[in-house]
Structures are given as C-alpha cells and as structure tokens.
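Student: With the hints as constraints, model all of the structure from the sequences given.
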Amino acid sequence: MMRRLPLGILSLALLAALSWAVLSLPAKPTGLTEASLARLAESGVTNPVTAVLLNYRGYDTLLEVGVLLLAIVAVWSLRRGEWPTGDLRDRPLLLSLLRVVLPVLMLAAGYLLWIGAFAPGGAFQGGALLGGALVLAMLGGRGRRVLNHERLLRTGLVAGVLVFATVGAVAMGLTGGLLQYPPGSGGTWIMVIESAALISIGLTLGLLYLGGRPTGENGNVPSQNPSSHA
Amino acid sequence: MPDADHRIYLLAGAALFAIGFYSLLVQAHLLRRIMALNVMGSGVFLVYIALAAQTPGPIPDPVPHAMVLTGIVVSVCATALALALADRVQAATGRVELLDDEDAAAPSDTTPVASDEHKGKPSA
Chain A
79 MMRRLPLGIL SLALLAALSW AVLSLPAKPT GLTEASLARL AESGVTNPVT
129 AVLLNYRGYD TLLEVGVLLL AIVAVWSLRR GEWPTGDLRD RPLLLSLLRV
179 VLPVLMLAAG YLLWIGAFAP GGAFQGGALL GGALVLAMLG GRGRRVLNHE
229 RLLRTGLVAG VLVFATVGAV AMGLTGGLLQ YPPGSGGTWI MVIESAALIS
279 IGLTLGLLYL GGRPTGENGN VPSQNPSSHA
Chain B
4 MPDADHRIYL LAGAALFAIG FYSLLVQAHL LRRIMALNVM GSGVFLVYIA
54 LAAQTPGPIP DPVPHAMVLT GIVVSVCATA LALALADRVQ AATGRVELLD
104 DEDAAAPSDT TPVASDEHKG KPSA
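If you read the sequences in order, they're chains A and B.
Add 78 to a position in the first sequence, counting from 1, and you land on the number used in the numbering used here.
Add 3 to a position in the second sequence, counting from 1, and you land on the number used in the numbering used here.
Since the hints were derived computationally from the structure, they do not count as laboratory data.
This structure is a prediction, so every number in the text was calculated from the model and none was measured.
Glycine included, C-beta positions come from ideal geometry on N, C-alpha and C.
The reader is advised that the hints may include incorrect statements.
Okay, the calculated bits of chain A under chain B, using three or more residues with CB under 8 Å as the criterion [claimed, not checked]:
1. 118 to 129
2. 139 to 149
3. 175 to 183
4. 216 to 226
5. 271 to 284
Some but not every residue of chain A turned toward chain B, in silico, with C-beta under 8 Å [unchecked claim]:
6. Arg82
7. Ala249
8. Gly289
Tutor: If you want it as structure tokens, here you go:
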C-alpha cells in the first residue's frame with residue numbers, strides 16, 4: 079500500500095517522542111508509595127493495592143465496575159450468543175478433569191478474594207479466575223441450566239454495581255463522604271463490595287466469551303445458518 | 004533519566020505502543036485493528052508497572068498497580084465489545100473492514116463475500 083511509508087515514518091516519530099518522554103522522567107520519582115502507606119492502618123486492609131482500589135480511590139473502581147456492566151449490556155444488545163461449537167463434550171478425559179478443576183477454580187477465586195486484604199489478590203484476580211472457570215464450563219457443555227436462567231444472570235451481572243453504589247450511599251449517610259467508610263470498619267465494607275464485585279466480574283468476563291446474549295430454551299443455536307443474525 | 008534496570012521496560016513499553024499504532028493505521032481488517040489496540044494498551048501497562056517499580060520505598064508504588072489492574076479488566080471488556088461490533092459490521096456489509104468513502108460511493112467494486120469472512124469465529 080502506498081500509505082505505508084509515511085505512516086511508518088509517523089510511527090517512528092511517535093516511537094522517538096515516547097522514548098524521549100520515558101527517558102526524561104526523573105530517576106527517582108516521588109510516587110505515592112509513602113502516601114499510600116501512611117494511612118494504610120486506617121484503610122481496613124493491609125494490602126496497599128486493595129486499599130487504593132477500594133478505599134482511597136474507591137470511586138474509580140465503582141465507575142470501572144459500571145464500565146464492565148456497560149460492556150456486557152452493549153454486547154448483549156448487539157448479538158445473540160453462540161454456544162461454543164468446538165466443545166469438549168466428546169472428550170471424556172477432559173470432562174472428568176473439568177469435574178475436578180471447576181470446584182478448585184471456584185475455591186481459588188474465593189481464596190484470592192479473601193487474601194486480597196493482606197496480599198496480592200482481590201476481586202479482579204478472583205473474578206478473572208471465575209470467568210475462566212465459566213468459559214471452561216461452557217466449553218464442556220456444562221452450566222446450560224444456569225445460563226438459561228436469564229434473571230439469575232442479570233442479577234449477578236448488576237450485583238457489583240448495585241452493592242457498590244448502595245455501600246457508597248450508606249457510607250455517605252454515616253460519614254458524609256462518598257465511599258468514606260466509618261473509622262475502624264473499612265475492612266468489612268471492602269469485603270462486602272469485593273464479594274459482589276467478584277461475582278459480577280467473573281460473570282461478565284465469562285459471559286463475554288459467548289459474544290452475545292445467551293440464547294434461550296435449550297441453549298442450542300441453529301448451527302450452520304449464516305443468515306440467522308443478518 | 005531512569006536507571007538502567009528500568010529503562011529497558013520503559014523503552015519496550017514505548018516500542019509496543021508505536022508498533023500497535025502503526026498496525027492500527029496500516030491494517031484494514033478489524034480483527035487486526037482490535038489486536039493493535041490491545042498491543043498499544045499492553046505498552047501503556049508496561050510503562051506504568053516500570054514506573055511503579057522504580058519509586059523509592061519498601062514496596063512498588065501501589066497506585067499505578069491498581070490502575071493497571073483495572074485497566075486490564077476494562078481492556079478485556081472493550082475488546083469483547085469491539086469484537087461484537089466487528090461481527091455486526093461483517094453481518095451488515097459482508098466485510099470485516101470499515102468502508103472508505105470511495106468504497107461506500109461505489110459498492111459494486113467490492114467483492115462482498117471476501118475470503119476473510121469465515122476465518123474468524125464460526126458464525127451461527
């Protein structure tokens with residue numbers, strides 16, 4: 079294509095500008111580590127990343143959980159979901175492995191949520207694991223009954239935003255600041271929010287894999303019919 | 004200037020961003036463009052993590068970490084939405100590319116069912 083050369087030069091110029099920008103950064107940036115650690119004892123958790131996510135900058139995370147909901151709503155309104163065609167149902171060994179792996183993955187997601195208060199972990203990591211477990215289950219042809227229960231799915235998807243916003247409102251009533259938890263109880267509030275967020279994040283990531291709103295009844299999409307969603 | 008230990012990560016992040024930027028401009032296929040955006044995002048994440056690593060103190064700066072953590076989840080969801088939109092484009096035009104103005108003016112020039120069409124996810 080004729081345009082490749084000027085675009086390549088433009089990209090190289092961008093590379094040069096970005097390299098200059100990152101190299102001209104100070105060798106010892108001040109950062110926010112000290113500020114994060116200074117009030118860590120009051121935040122209710124001992125993992126500074128979780129403190130940033132759900133206490134110091136809680137509204138960021140609230141908006142982000144909203145973005146996830148927005149993404150799945152948009153995808154659901156664009157397309158009908160297709161059941162994965164290359165599924166694992168004809169592979170008995172993988173299916174019996176799934177039977178062992180799925181509960182372990184759920185347990186690990188819960189563990190990541192709990193450990194997030196003290197060490198690396200939290201709702202996002204646990205949610206990613208839960209989403210992966212859901213994808214595995216769908217590939218194995220499992221969980222159709224849950225997926226056809228659309229009201230349950232919708233409740234799960236909005237749980238994160240709903241609980242987060244409710245906690246924010248209640249905390250505002252108690253302390254006068256949005257998502258400003260009453261002193262000494264930050265850990266409990268954070269755990270409530272994260273539990274709901276874990277479910278919503280896991281469901282969102284897993285259901286996005288279907289690429290659309292799950293099809294009803296038996297979950298079977300008429301296959302090999304390209305004109306069906308035109 | 005950041006020290007040598009972190010310089011390589013910062014420069015790699017800048018390079019990833021520039022590579023993704025070039026692909027985004029040059030590639031017409033929507034799937035490639037979506038991938039290009041993801042490569043650009045990875046570059047940004049790498050820069051953030053490298054910056055977090057070089058702040059003084061006992062631990063890496065938790066604020067960029069938290070931002071990258073949320074950024075990854077958002078980029079996954081944005082990618083899913085972009086893929087759904089690309090599929091709608093294909094369903095509407097028969098092509099996995101955005102039409103240029105001249106294409107839209109003279110649609111007879113284009114072969115609607117291109118060979119690219121069935122390479123992606125099998126559509127039902």
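Student: If a hint holds in the structure, say so; if it does not, say that too.
Tutor: Cross-check of the supplied hints:
1. 118 to 129: holds (count 3)
2. 139 to 149: Satisfied; 5 residues make the cut.
3. 175 to 183: violated (count 0)
4. 216 to 226: Answer violated; 0 residues pass the 8 Å Cβ test.
5. 271 to 284: Our answer is that it holds, as 3 residues pass the Cβ test (under 8 Å) against chain B, meeting three.
6. Arg82: 6 Å, holds
7. Ala249: 19 Å, violated
8. Gly289: 6 Å, holds
The structure does not agree with the numbered hints 3, 4 and 7 stated previously, though it agrees with the rest.
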